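Novice: One letter stands for each residue in the lines below.
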Amino acid sequence: MMKNNHFARFLPNLTGIILTMVFLGVILLGPKLFSYDGDLGRHITIGNFILDRGEIPLQDEFSWTMYGEMLVPHEWMADVFFALANRMMGLNGVVILTALIISGTIAFIFNQCLTRSGQFFGSLLLILLGAGASSIHWLARPHIFTFMFLAFWIALVEKLLKDRRTWLGLPAAMMIWVNFHGAFLAGFMVLGMYCAGLLWEYLEARQAEEKNKRRKQMVSLVLAGGAALLTSFINPAGYRVWNLGVGYLQNTYLVNGTQEYRSPDFHIQSAWPFLLLIGLSLVLVSIMASHQKLRKADVLMLSGWTVMALFSARNIPLYVVAVVPILCQVWGKLEWPAFFRKRDERLLLIENSPRLPAWYFAVMVLAVIFLLGKGIPMDLHMKGNQFDATIFPVKAVDWLEKNPQSGNGYNEFFWGGYLLYRLWPEQKVFIDGQTDFYGEQLTRDYMAIREMGDGWQTKIEDYQIDWMIIPTKSNLAQTLMNDQNWNLLYQDETAVVLQHER
Amino acid sequence: MNDNQTSIRNRFFYMITLLLVFFMTLRAPLDSDMLWHLRLGEDTLAHGWPVMNDIYSYTMTGTYWVNHSWLAEIVLVIFYELLGYAGLSLIVALAAVACAALMMKQMNSPVLLRAGVIILAVMVMAPVLTPRPQLFSLVMLSLLSYILYLYKKGRSRLIWWVIPQFWIWGNLHGGFPLGIILLSLSIIGEIGNHLWGRLADHLLAWKQIGQLSVVTAASALVVMIHPYGAGIWQVAFETVNIKVLQNFIEEWASPNFHIAAQQPFVWMLLIMVMAIWIGKEKVDWGEILPVLAFSYACFMARRNFGPFAIIAAPVTARYLWNVMRLWGDSVQPWIKKAQTRLKLSDEAAQKLLLGEPQKSKPVNLMAVGLLFGVCLVKLFLVSYPVNVEKWYAQLFPVSGAEWIATRYPEARVFNSYAWGGYMLWAMPGRQVFADGRTDLFGDDIIGQWISVVQGDQDWEAILERWQVDLVFIEPEQPIARLLPHAGWTEVFRDDISVIFVREAP
Numbered sequence: 001m002m003k004n005n006h007f008a009r010f011l012p013n014l015t016g017i018i019l020t021m022v023f024l025g026v027i028l029l030g031p032k033l034f035s036y037d038g039d040l041g042r043h044i045t046i047g048n049f050i051l052d053r054g055e056i057p058l059q060d061e062f063s064w065t066m067y068g069e070m071l072v073p074h075e076w077m078a079d080v081f082f083a084l085a086n087r088m089m090g091l092n093g094v095v096i097l098t099a100l101i102i103s104g105t106i107a108f109i110f111n112q113c114l115t116r117s118g119q120f121f122g123s124l125l126l127i128l129l130g131a132g133a134s135s136i137h138w139l140a141r142p143h144i145f146t147f148m149f150l151a152f153w154i155a156l157v158e159k160l161l162k163d164r165r166t167w168l169g170l171p172a173a174m175m176i177w178v179n180f181h182g183a184f185l186a187g188f189m190v191l192g193m194y195c196a197g198l199l200w201e202y203l204e205a206r207q208a209e210e211k212n213k214r215r216k217q218m219v220s221l222v223l224a225g226g227a228a229l230l231t232s233f234i235n236p237a238g239y240r241v242w243n244l245g246v247g248y249l250q251n252t253y254l255v256n257g258t259q260e261y262r263s264p265d266f267h268i269q270s271a272w273p274f275l276l277l278i279g280l281s282l283v284l285v286s287i288m289a290s291h292q293k294l295r296k297a298d299v300l301m302l303s304g305w306t307v308m309a310l311f312s313a314r315n316i317p318l319y320v321v322a323v324v325p326i327l328c329q330v331w332g333k334l335e336w337p338a339f340f341r342k343r344d345e346r347l348l349l350i351e352n353s354p355r356l357p358a359w360y361f362a363v364m365v366l367a368v369i370f371l372l373g374k375g376i377p378m379d380l381h382m383k384g385n386q387f388d389a390t391i392f393p394v395k396a397v398d399w400l401e402k403n404p405q406s407g408n409g410y411n412e413f414f415w416g417g418y419l420l421y422r423l424w425p426e427q428k429v430f431i432d433g434q435t436d437f438y439g440e441q442l443t444r445d446y447m448a449i450r451e452m453g454d455g456w457q458t459k460i461e462d463y464q465i466d467w468m469i470i471p472t473k474s475n476l477a478q479t480l481m482n483d484q485n486w487n488l489l490y491q492d493e494t495a496v497v498l499q500h501e502r
Numbered sequence: 001m002n003d004n005q006t007s008i009r010n011r012f013f014y015m016i017t018l019l020l021v022f023f024m025t026l027r028a029p030l031d032s033d034m035l036w037h038l039r040l041g042e043d044t045l046a047h048g049w050p051v052m053n054d055i056y057s058y059t060m061t062g063t064y065w066v067n068h069s070w071l072a073e074i075v076l077v078i079f080y081e082l083l084g085y086a087g088l089s090l091i092v093a094l095a096a097v098a099c100a101a102l103m104m105k106q107m108n109s110p111v112l113l114r115a116g117v118i119i120l121a122v123m124v125m126a127p128v129l130t131p132r133p134q135l136f137s138l139v140m141l142s143l144l145s146y147i148l149y150l151y152k153k154g155r156s157r158l159i160w161w162v163i164p165q166f167w168i169w170g171n172l173h174g175g176f177p178l179g180i181i182l183l184s185l186s187i188i189g190e191i192g193n194h195l196w197g198r199l200a201d202h203l204l205a206w207k208q209i210g211q212l213s214v215v216t217a218a219s220a221l222v223v224m225i226h227p228y229g230a231g232i233w234q235v236a237f238e239t240v241n242i243k244v245l246q247n248f249i250e251e252w253a254s255p256n257f258h259i260a261a262q263q264p265f266v267w268m269l270l271i272m273v274m275a276i277w278i279g280k281e282k283v284d285w286g287e288i289l290p291v292l293a294f295s296y297a298c299f300m301a302r303r304n305f306g307p308f309a310i311i312a313a314p315v316t317a318r319y320l321w322n323v324m325r326l327w328g329d330s331v332q333p334w335i336k337k338a339q340t341r342l343k344l345s346d347e348a349a350q351k352l353l354l355g356e357p358q359k360s361k362p363v364n365l366m367a368v369g370l371l372f373g374v375c376l377v378k379l380f381l382v383s384y385p386v387n388v389e390k391w392y393a394q395l396f397p398v399s400g401a402e403w404i405a406t407r408y409p410e411a412r413v414f415n416s417y418a419w420g421g422y423m424l425w426a427m428p429g430r431q432v433f434a435d436g437r438t439d440l441f442g443d444d445i446i447g448q449w450i451s452v453v454q455g456d457q458d459w460e461a462i463l464e465r466w467q468v469d470l471v472f473i474e475p476e477q478p479i480a481r482l483l484p485h486a487g488w489t490e491v492f493r494d495d496i497s498v499i500f501v502r503e504a505p
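Just so you know, the protein sequences line up as chains A and B, in that order. Numbered per my numbering, the first sequence spans residues 1 to 502. Numbered per my numbering, the second sequence spans residues 1 to 505.
These aren't lab readings, by the way, just hints derived from the structure by calculation. None of these values were measured; they are calculated from a predicted model. By construction, the Cβ of each residue, glycine as well, lies at the ideal position given by its N, Cα and C atoms. Treat the hints with caution; some may be incorrect.
[Stated by the list, open to error] Sample of chain B residues at the chain A side, in silico, Cβ under 8 Å: (1) Q246; (2) F248; (3) P255; (4) N256; (5) H258; (6) M300; (7) G455; (8) E476.
[Claimed, not checked] Restraint-style ranges between C-beta atoms, simulated for each label pair: (9) A:F340 x B:M15: 52 to 58 Å; (10) B:V491 x A:E69: 44 to 50 Å; (11) B:L376 x A:E69: 54 to 60 Å; (12) B:Q454 x A:V222: 51 to 57 Å; (13) A:Y253 x B:K361: 48 to 54 Å; (14) A:S270 x B:I188: 25 to 31 Å; (15) A:Y239 x B:E402: 58 to 64 Å; (16) B:V491 x A:G90: 53 to 59 Å.
Using the sequences provided together with the hints, build the complete structure.
Specialist: Rendered as structure tokens:
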């Protein structure tokens, strides 16, 4: 018996298995983590800038269109992490870093689910659905840090409701979060929803003791939230980081024009787990309506985050963080048959039995580091973690390295980050993915040229564009290749380089 | 307040709500698809039988096509012939009022709450309220939902009327499967109520469930009494499987919640869920399952906002009323306290809160009359021919079409998909490349159309294959930039359209 127990201590628990599965799942995605988003190159470039010069850029040095303009480096710490990972292991390092953050967060949420529901199968089913739903935005970009911070933030808020002495956690967490990603605003939204829920319960409460409890909880949240608000100003841009986040969300042109801000398209399979979670929410609410009194904060969190995720697909991972533990709690209150309950309790007992630290996970991570370091591809298509030459202008940039162009270059928006990654500081870009910095007018001008809209030729002259690197199949490339004022310098299946004859 | 006074107040708000719905849904008849429906309706009336093989396009000419809306098209044409544009505006508003009235009849809640939910429901439906045959599906679904409601209330015999209703519905519009889905899910939900004991009151007896199943099966069969027979079912399945519909046609795409007009769907869904959650009442699976199904349908295609609103509004009102009653108990002591402080009698307090209907009867009549007058003014404005034609000129390529009709009466035109309906209406006898009949054109032809307008690599080959003489397209389409470089000459341009003609070799 003793022997068996000792042996069992070395077996992985389910949280460890989920951690490992998700980690390997992200590793399998490999280059897809930066093929659907062109900004990784920019993040690495800014991170390198900070590491090399020991200073955070407060003025633009990366584009020629906005050179010298004030920059709000709201993701600088995330950029440093990506640059460090890239320095250590190249893009393999970036993929491993992304996999660690995503898998760690999913495992953390699963743990929250188990705690709140006391149910094993329900938590497993919902976390798998949650992982599937959040995978719609599994990308190597600073947003994954918000995914992680939001999970910790909600746990801290829950802890604060139980123990007022833990109030310092929120301002401390915010001080770090605000330097990692602009979506730190989500933390304040969560606080708002909890406060509104508590106020609602306070107004409904009949007994003085209950009222007093809610009042104390509200005061704790407001004070800790106020302290977090103050620490949110501790960043290189100070209060301007708030202007940037709020201002961008108010710009309908930029928000509507950015793919990730659009509503989810449920015809795409990757959105189906999210749709299933919405359906499950409706069913669980319907079943439990007459049985269970749930916290008003949970009602508001579920409704609020559902709306935000429906508004922008990029909020789906945050929806998962906020809503899946609540659904697990409701699931845990369902009346399950005794046969099912017994088995579930046994598994939960195993899950909660004392285990050694997750050595198997550490071994797995080390194995992945070793294999990728040896140049063995681990992604599904065995291409290795590199920029896909059918999506990014890899060969064209090879050519540009050997044949540098002078003057003002116009580039495809999606390629801006990659061009910085390969060609900066020798070459600056026209635009890249950071539309919150470039603003509406420049983005409109960029689009007018790209789509050959009204006055596109005049805009080329206004900006004094000397050369272009644009997709070969674009209408713009097809038109300019037939235009005698433009010379074709380079062409492959992905990109063309054209020079303006003046 | 006695029963008579309550009844007067209720009737007043009922009338006001329906008039508001009428006012909200009176719009100018500006829908491209409406125009080809009118063309087909006129031809059906002229020939005495719907067209069985396509004659309106040169890409699918001679192909067997099920015109599932043939009867609705005749109704639209009759309204148009009798009242002109006003007839088309009127038919939309009347259909919306009919839906609203039938929804209100299913709500056992105070009239003001009903009014609020109805206004929200009409806002949900607004994007699909246009003079098209799907309007008839909305009315038919509302009627079916009302009959089901009465059936659950014990009016057993009424349910048999569903069968002839489906016969008419099947001939009016291909949306009749919505009704079959509603019936089927109601049956499954009722079985669920029995098995899980979720609802003690108003359970349908097993015999009634059996009766409902027979009616559903008979309804599914009766729709085939149709000029196209069993083909009516085939078209329903084929239409939802066309990929290009989901990717290209807006009404078949997932909702875009950045557009304010598409947000009321989420608000209604959320209000309903929160009301269920807070109301703490056992749910009726017979009504929740259809709501779930129609919510799913909305997430997949925004054209389902209408059916969702029709099914969800009565449910929302019922659960909201639960919440209000629950909160009412909490608020009651506060009202009593305020009443004591203000030294008001029970009667005076009620008058203060709910008004004094017997004195306000003439005022009520005036208010109804005034609102009706405002509706008439709006009807006049939105359907006044000079106005409508001005809006047509802003929306459709009126000048371009006239130019083609005069200069190139025989030319084969590659047209904008959005203008197909307008061309069939304004240029009778001329065949188009494609129009709104996506179920006829399918992925192949619409895919070719997209390739051309986007200037994909095979665009020239496609125009060559169909021996196109003229390209008649929006100036901002990518192809409009490429044509001048590929041997086509721009011969006409205005704000709406541009026309290119193939240069002689």
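Novice: Interface hint check: B:F248, Cβ to nearest Cβ on chain A, cutoff 8 Å. Holds or violated?
Specialist: Given a least distance of 11 Å, the restraint on B:F248 is violated.
Novice: Taking the CB of B:V491 and the CB of A:G90, does the distance hold inside 53 to 59 Å?
Specialist: Holds - the Cβ-Cβ distance for B:V491 and A:G90, about 57 Å, lies within 53 to 59 Å.
Novice: So the hint says 51 to 57 Å: do the beta-carbon atoms of B:Q454 and A:V222 match that?
Specialist: holds (54 Å)
Novice: Checking hints one by one. Is B:E476 an interface residue toward chain A, by the C-beta closer than 8 Å rule?
Specialist: Holds, about 7 Å.
Novice: Falls inside 58 to 64 Å, the C-beta gap from A:Y239 to B:E402?
Specialist: holds (59 Å)
Novice: Within 54 to 60 Å: is that where the Cβ-Cβ distance between B:L376 and A:E69 falls?
Specialist: holds (57 Å)
Novice: Min Cβ distance, B:N256 to chain A: is it shorter than 8 Å?
Specialist: OK, holds: B:N256 within 8 Å of chain A, min 5 Å.
Novice: Was the hint right that B:M300 lines chain A, CB cutoff 8 Å?
Specialist: With a minimum Cβ separation of about 5 Å from chain A (threshold 8 Å), the hint on B:M300 holds.
Novice: Using the beta carbons of B:V491 and A:E69, state whether their distance is inside 44 to 50 Å or not.
Specialist: Cβ of B:V491 to Cβ of A:E69: about 46 Å, so the range 44 to 50 Å holds.
Novice: Measuring from beta carbon to beta carbon, are A:S270 and B:I188 in 25 to 31 Å?
Specialist: 29 Å Cβ-Cβ, so the 25 to 31 Å window holds.
Novice: Would the hint on B:G455 stand, with a C-beta cut-off of 8 Å toward chain A?
Specialist: Given a least distance of 5 Å, the restraint on B:G455 holds.
Novice: For the range 52 to 58 Å, tell me whether the beta carbons of A:F340 and B:M15 fit it or not.
Specialist: holds (55 Å)
The structure is inconsistent with hint 2 alone, although it conforms to all the rest.
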